[in-house]
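Student: Sequence:
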Amino acid sequence: MAINKNNIAPFTQLDALIPLISDLFAAIKQKKADSRDIMQRIIDDVILIADTKPNATLAAIHLSNQVSPLKQPIYSAALAHMIGKQHGIKPNIQQSLMNAIITCNITFYELQVLLNTMEGKLTEEQRIKVEKHALKGAQLVEAAGIIDPIMTKAMRQHHERPDGSGYPNHLTGDDISTPALIIGICETYTARIDGRAYRKPVHPREALANLFKEENPRIKALMLNFAKAIGVYPPGTWVKLATGETAIVTEVRKDSPLPVVKALFDHNDTPYMGVVARDCSTKEARITGSTSPPCRPSVDLPVLFESL
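Read in order, the letters of the sequence shown are residues 339 to 646 in the numbering used here.
Among these hints, one or two may not hold up.
Within a straight-line C-alpha distance of at most 20 angstroms, the following computed PhoX-like cross-link-like pairs (lysine-lysine) qualify [what the hints assert, rightly or not]:
no., residue 1, residue 2
1, K343, K369
2, K558, K423
3, K470, K367
4, K551, K578
5, K423, K592
6, K578, K600
7, K474, K367
8, K470, K459
9, K467, K367
10, K459, K558
11, K538, K566
12, K369, K474
13, K370, K470
14, K409, K538
15, K592, K551
The following label-pair restraints were derived from C-beta to C-beta distances [as the list claims (entries may be wrong)]:
no., residue 1, residue 2, range
16, P555, Y610, 38 to 46 angstroms
17, P632, E480, 49 to 57 angstroms
18, K592, E480, 48 to 56 angstroms
19, S636, N430, 20 to 28 angstroms
20, C633, K470, 23 to 31 angstroms
21, K369, Q404, 48 to 56 angstroms
22, V637, R465, 43 to 51 angstroms
23, A580, K369, 29 to 37 angstroms
Calculated from the structure, these hints are not laboratory results. Beta carbons are placed, not taken as given, at the ideal position from N, Cα and C, and that holds for glycine.
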């Protein structure tokens with residue numbers, strides 16, 4: 339069923355696309371003629387959701403409790419759409435980027451379920467599967483009759499890094515396409531804010547800061563536009579204010595690096611009955627850092643964000 343553009347609800351509609359990712363992967367593996375149609379439907383829905391309610395979309399990603407590994411292509415696609423718009427990617431390149439980001443892990447997601455719960459080292463067999471999945475994914479897509487050279491190049495290269503530390507071919511510098519770099523940024527970011535059995539999730543600002551450590555100028559330019567698109571404190575981020583209150587970021591401002599925040603807990607960590615608007619541009623209510631909510635807030639967060 340197509341999404342009603344007059345009733346956009348990112349918290350439910352993004353996750354509702356997850357079964358379609360499973361359908362898409364099955365269709366590609368079975369070389370079905372409707373593979374491209376399924377792929378385009380997913381992309382169109384992600385773009386509609388992200389463009390209509392960008393702040394709620396970001397909040398849904400950052401506040402997600404979804405456990406399926408198939409959430410990553412959906413969430414990463416929404417982020418890739420935002421960074422692509424901010425970076426000024428040409429429409430045809432952007433289409434190929436979106437095609438690639440929802441299919442690049444087609445041969446990896448089943449292994450990913452296991453890896454996400456592992457605490458030890460990979461076996462040699464697992465390591466080979468990890469390093470080859472980008473190439474095999476592109477081969478599957480081409481075998482299904484989806485011919486898009488920019489897409490499949492990005493799929494093959496999405497784990498390559500400009501310093502040559504990536505895989506499978508240890509490419510460097512300009513040998514790596516911009517769509518591949520964007521996929522790498524989005525996947526790394528979503529993985530870091532999600533957490534694994536072997537590590538806890540990090541706060542969004544910390545995840546951004548880690549990505550900003552990259553020295554390559556192309557990565558730096560992309561990261562700057564990524565931060566502009568989602569904010570240094572993205573919607574859905576919990577922050578501590580100088581007042582001692584715990585607030586949540588509700589909106590990215592186009593004209594300011596400072597976000598819009600709503601306090602949900604007082605300085606004693608007691609939930610407010612509702613939300614309290616705070617101006618974090620003032621010294622009294624400035625953001626002092628990222629945090630986690632002390633307990634469950636009194637407000638329904640999806641309702642809060644989707645009503646904005």
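Student: Hints first: check each against the structure and report whether it holds.
Tutor: Evaluation of the provided hints:
With a C-alpha separation of about 31 angstroms, the suggested pairing of K343 with K369 is violated against the 20 angstroms cut-off. As the CA atoms of K558 and K423 are separated by approximately 16 angstroms, the hinted pair is consistent with the 20 angstroms bound. Only pairs whose Cα atoms come within 20 angstroms are accepted, and K470 paired with K367 is accepted, the gap being roughly 17 angstroms. Restraint check for K551 and K578: the C-alpha separation of about 24 angstroms exceeds 20 angstroms, so the hint is violated.
In summary, the hint linking K423 to K592 is supported, as the alpha carbons are separated by about 14 angstroms, within the 20 angstroms threshold. Only pairs whose Cα atoms come within 20 angstroms are accepted, and K578 paired with K600 is accepted, the gap being roughly 11 angstroms. For the given pair, K474 sits about 11 angstroms from K367 by alpha-carbon distance, which is consistent with the 20 angstroms threshold. Only pairs whose Cα atoms come within 20 angstroms are accepted, and K470 paired with K459 is accepted, the gap being roughly 17 angstroms.
Restraint check for K467 and K367: the C-alpha separation of about 17 angstroms stays at or below 20 angstroms, so the hint holds. With a C-alpha separation of about 31 angstroms, the suggested pair K459 and K558 falls outside the 20 angstroms cut-off, and the hint is violated. Proximity of K538 to K566 is assessed by CA-CA distance (about 26 angstroms); at most 20 angstroms being required, the pair is judged violated. A C-alpha spacing of about 14 angstroms is found between K369 and K474, which places the hinted pair at or below 20 angstroms, so the restraint holds.
Distance check on the hinted pair: K370 and K470 sit about 24 angstroms apart at the alpha-carbon level, beyond 20 angstroms; violated. A distance of roughly 18 angstroms separates the Cα atoms of K409 and K538; the hinted pair therefore holds under the 20 angstroms criterion. For the proposed pair K592 and K551, the alpha carbon gap of about 24 angstroms is over 20 angstroms, so the pair is violated. The given range of 38 to 46 angstroms is respected by P555 and Y610, whose C-beta atoms sit roughly 45 angstroms from each other.
The beta-carbon spacing between P632 and E480, approximately 51 angstroms, falls within the hinted interval of 49 to 57 angstroms. In this structure the supplied range 48 to 56 angstroms is violated for K592 paired with E480, their Cβ-Cβ distance being about 40 angstroms. Between S636 and N430 the beta carbons are some 47 angstroms apart, a value that contradicts the proposed interval 20 to 28 angstroms. The supplied range of 23 to 31 angstroms is broken by C633 and K470, whose beta-carbon atoms lie about 45 angstroms from each other.
Between K369 and Q404 the beta carbon distance is about 29 angstroms. The supplied range of 48 to 56 angstroms is therefore violated. The hinted range of 43 to 51 angstroms is satisfied by V637 and R465, whose Cβ atoms lie roughly 46 angstroms apart. The beta-carbon spacing between A580 and K369, approximately 59 angstroms, falls outside the hinted interval of 29 to 37 angstroms.
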